[in-house]
Amino acid sequence: MKIALIGQDIPTLLPGLLTDALFTAREPASLAAEEKNPAMAEVLRGYGEAVLKKAGIGGSWLVSGDRKTVLSGADCVIYAGDCQIASRFAMDREALGSDAEGDPGLTDQARVNGGLGGLMHALRAGEEILRLTDAMDEVCPEALVINLGQPMARTTEVFLLRGYRVFGLGRTPLKGASGADAYLKRLKVPPERAEITTAGLPGFSFLIRLTDGKKDLTDRLKRAAKDGELGALSRRWLDWWDALPVGDVTDLAEFLPAQPDFMPEERPEFGETVERRKERILYMNTVQERGAEDREGAMAQLLLLSKVPPIRPMRLAMALLRRESARLEAVTRRNGKNLPGLSPEAVIEANLTLEEGAEKPEGILLPPALREICGEIDAANRLAARAAMGDREALREYVETDPALEGLDRLYCMDVVEALIRLHGDVLPRLAGEED
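In my numbering, each number is its position in the sequence shown, counted from 1, plus 325.
A couple of the hints might just be wrong.
[Said to hold, decoys possible] Distance windows between CB atoms, simulated:
1. L628 / K378: 38 to 48 Å
2. M365 / D544: 49 to 59 Å
3. D462 / S389: 42 to 52 Å
4. D552 / G596: 32 to 42 Å
[Unchecked claim] 20 Å max Cα-Cα, derived EDC-like pairs, lysine to aspartate or glutamate:
5. K378 / D734
6. K379 / E352
7. K603 / E590
8. K603 / E367
Don't read these hints as lab results, they were simulated from the structure.
By construction, the Cβ of each residue, glycine as well, lies at the ideal position given by its N, Cα and C atoms.
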């Protein structure tokens, strides 16, 4: 079994990926990572070899700057890439703003995953995926894809449009101030006793049911929200859709028209800070030099694992590749029969139940009003993915129908999109120069 790791976020995720592959699975695997920076490649190579030695179960570890070498013969590709996300977001925000006094322009649309900013992000991220799938078509056309790239629904759809079997893991709705874990803490329910059902779209997910193993506690949370104890956005959305948001409410707000009490972040955090990157490299070098068996090396490894985001892509990959029976939380994939009322082609996020590797549909019925807004946002997500593949009709339809643009002049928004495409023309060859 060979697993290829592609994308600029792989070094950050690597401690968790290797631990899951070598210690949790307890099975030798061929692992390969793409890293074009020679100095960083040496850090990753030495670190991985030390962890492989500690596992003591065989397997191989390759780090190379040649993408086709990394991908060749892969059974699975774990993708965690993007296109210059911080600098390109800053370009979008500056272009969408205004210098006129009292006129903020379209600054509200400078978003990471939704609206006009989310469209531009999807176009750039899609171009990266299309280059990757071109290489995969040559050397691993049957590979399973585990997608970690944002905007999650839209990048997943690009892989699907290219014909790949793909599952995604976004920012988990279990974490954060409105995450399921925060709800459990509020209700004083130990996590090991809880049964949690969440469903919706990637970045737009809702709590469907929460129990302590015996009693349904969902209505208690809804009463707290109606009393204003869970924030203005949660109360408003509960009134609209009869469901509580789960995860980061700022993620959900990005897919909606301007909210009176919400403004997108001016400087969202993308990936590692410089300080954290230096710290990670220090710890990886310690593991490489001292060995993972050494006390100091083992401590460095624990510190690395403590910084890993709470997603388990390798666990998902292993369950699918080995045809296991498992239940995994908040997995992105094609809807099928999971959420009746949404299109079978929708890209959804919900718990995933596998029986010997085959998906068992969840059959979760969303409240009617929630189904309607999810359908509108899903349609926009899939149009953005088609636009990323060079479909200008889909681009125009996105601007005409995206619910995040409600109340705005759509013709003006289309002009803005064309100007943004020209601004980013160096990384959008399929759309730049094709304006009509």
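Structure-based check of each hint:
In this structure the supplied range 38 to 48 Å is violated for L628 paired with K378, their Cβ-Cβ distance being about 19 Å. Range check, M365 to D544: about 51 Å between beta-carbon atoms, so the 49 to 59 Å window is met. Under the hint 42 to 52 Å, the C-beta atoms of D462 and S389, about 19 Å apart, miss the expected range. Restraint check, D552 to G596: a C-beta distance of roughly 38 Å satisfies the suggested window 32 to 42 Å.
A hinted pair counts as satisfied when its Cα atoms are at most 20 Å apart, and K378 with D734 does not qualify at roughly 60 Å. For the proposed pair K379 and E352, the alpha carbon gap of about 13 Å is at most 20 Å, so the pair holds. A threshold of 20 Å between alpha carbons decides the hint, and for K603 with E590 the separation of about 25 Å lies outside it, so the pair is violated. Between the alpha carbons of K603 and E367 the distance comes to roughly 15 Å, so the proposed pair stays at or under 20 Å and holds.
Comparing the model with each earlier hint shows violations of hints 1, 3, 5 and 7; every other hint is respected.
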